[in-house]
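Can you build the whole structure from these sequences, using the hints too?
These protein sequence lines are chains A and B, in that order.
If you count by our numbering, then the first sequence holds residues 11 to 185, one letter each, in order.
If you count by our numbering, then the second sequence holds residues 23 to 190, one letter each, in order.
Mixed in with the good hints, there may be bad ones.
Stated by the list, open to error - When the alpha-carbon atoms are kept at most 25 Å apart in a straight line, the in silico PhoX-like pairs for lysine-lysine are as follows: (1) A:112 x B:142; (2) B:137 x A:110; (3) A:162 x B:137; (4) B:137 x A:138.
Claimed, not checked - Just a few of them, taken from the derived set where beta-carbon distance is under 7 Å, the chain A residues facing chain B: (5) 50; (6) 59; (7) 113; (8) 124; (9) 136; (10) 153; (11) 155; (12) 156; (13) 174; (14) 185.
Stated by the list, open to error - Quick look at which bits of chain B chain A covers, simulated, 3 or more residues with Cβ under 8 Å: (15) 38-50; (16) 85-98.
Quick caveat, the hints were computed from the structure, so don't treat them as lab data.
Don't be surprised by glycine CBs; every beta carbon is placed ideally from N, CA and C.
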Amino acid sequence: MKLYLQLFFQFFHIGVFSFGGGYATLPFLYDIAEKYRWYSVKQLTDMLAVSSITPGPVGINVATFAGYTTSGVLGAVIATCAIILPSFIIVTVVSEILDKFKTNKYVQGALSAIKPTGCALLSAVGVKLLVTSNLHISGIVLLVLFLALSYKKKLDPLFYLGGSAIFGYLWGKFI
Amino acid sequence: MGGGYVILPLLTSELVDKKKWISQEELCEYYALSSSLPGVIAANTALFTGRKLAGAKGAIAAITGVITPAFLAIILLAALLSEIVDYPAVQNIFWGVGIGVIALLILAVREMWAKCVFDKFSFAVYLVALVLALTGKISPAYIVIGAILIGVVKAKFTSKCDGREVER
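Structure follows, in structure tokens:
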């Protein structure tokens with residue numbers, strides 16, 4: 011029971027504080043991985059990959075996945091509902107005060123600071139993942155290649171995931 | 023597939039063009055609002071649309087519609103994954119996919135950076151938040167709360183003439 015409550019509370023607070031869409035939930039999920047050990051950082055990367063190739067919003071998918079890994083189907087239901095509940099409440103309130111909300115200078119002010127913060131939190135996760143994951147030289151080469159390619163052409167996320175999956179498989183098989 | 027940003031063109035074709043439930047302007051407004059609210063953008067957009075059409079019940083119906091297919095797919099995959107995760111080939115694939123995920127993450131940061139960091143204020147907030155997130159043991163929630171406070175204080179001391187600057 012205590013686990014379910016913790017699960018609910020943790021994913022509820024992600025729903026309250028993650029600004030900026032899909033990947034914005036990641037800093038919080040990373041934080042949970044470090045504090046509660048429900049899943050490892052390695053598992054989080056796996057979850058992110060699986061969530062990106064599954065239909066539906068990445069943020070919710072990771073919540074479902076994390077809930078399932080932690081405590082089965084019931085955990086998945088709890089985590090999914092918990093991450094959506096704040097949205098439900100906030101959308102209801104904002105719908106009522108729509109025009110005031112858009113023009114309120116404090117809301118605008120808060121957003122002007124929240125947006126770069128969201129970007130910074132995600133950057134920090136990127137740095138932490140780069141430092142902690144076991145990339146080897148080959149991984150770094152592939153990463154640089156991906157980034158160079160992304161400047162040339164906007165590619166589907168599936169290209170990066172698929173490409174790196176094949177790369178990982180071949181690398182393990184032949185080297 | 024692919025999360026929040028892929029969903030807008032899909033919503034346009036389904037909700038605006040086919041069903042004519044909401045107008046293109048309404049959809050864009052909901053989407054823009056959703057991205058400045060916490061939570062998952064696609065879920066927020068669905069909630070706004072559902073609410074507009076049929077109140078609280080509509081919102082519940084819309085969100086259930088968005089998450090159910092994904093929920094089932096994830097449970098299936100998760101169950102399957104725990105069966106095969108110990109094979110060396112699967113391990114290698116996941117090692118590779120880890121690189122792809124980092125690449126996607128860097129791309130997401132780059133996209134956010136272009137939208138969110140554009141003046142001295144936002145750059146300063148970015149730096150402070152980054153240092154806090156990297157060094158401290160502070161939960162990201164507190165960093166967000168701190169940002170909200172700073173933003174509100176800033177709004178309090180910004181005269182109305184500068185209002186344009188924050189609206190960007």
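Hint-by-hint comparison with the structure:
With a C-alpha separation of about 24 Å, the suggested pairing of residue 112 of chain A with residue 142 of chain B holds against the 25 Å cut-off. Using a Cα cut-off of 25 Å, the hinted pair residue 137 of chain B and residue 110 of chain A holds, with the two alpha carbons roughly 24 Å apart. Taking the CA atoms of residue 162 of chain A and residue 137 of chain B, the gap is near 20 Å; set against the 25 Å cutoff, the hint holds. With a C-alpha separation of about 23 Å, the suggested pair residue 137 of chain B and residue 138 of chain A falls inside the 25 Å cut-off, and the hint holds.
Below 7 Å, beta-carbon pairs count as interface contacts, and residue 50 of chain A has none with chain B, the closest being about 12 Å; its hint is therefore violated. Contact between residue 59 of chain A and chain B, as hinted, is supported at the beta carbon level, the nearest pair being about 4 Å apart and thus within 7 Å. Annotation: residue 113 of chain A was flagged as interfacial toward chain B, and the flag is violated, the nearest CB pair being 9 Å apart, outside 7 Å. A cut of 7 Å between beta carbons decides the hint on residue 124 of chain A: the least distance to chain B is about 5 Å, and the hint holds.
A hinted interface residue such as residue 136 of chain A counts as satisfied when its beta carbon comes closer than 7 Å to some beta carbon of chain B; here the least separation is about 5 Å, so the hint holds. The beta carbon of residue 153 of chain A comes within 6 Å of a beta carbon in chain B, closer than 7 Å, and the hint placing it at the interface holds. For residue 155 of chain A, the shortest C-beta to C-beta distance to chain B is roughly 9 Å, which exceeds 7 Å, and the interface hint is violated. The beta carbon of residue 156 of chain A is positioned within 7 Å of a beta carbon in chain B (closest approach about 4 Å), and the interface hint is therefore held.
Nearest Cβ of chain B to the Cβ of residue 174 of chain A: about 3 Å, under the 7 Å cut. The hint holds. The interface hint given for residue 185 of chain A is violated, since its Cβ lies 10 Å from the closest Cβ of chain B, which is over the 7 Å cut-off. With 0 residues bearing a CB less than 8 Å from a CB of chain A, the stretch 38-50 of chain B misses the requirement of three and the coverage assertion fails. Here's how the stretch 85-98 of chain B fares: 9 of its residues keep a CB closer than 8 Å to some CB of chain A, so the rule of at least three is met and the hint holds.
The structure shown violates the earlier hints numbered 5, 7, 11, 14, 15.
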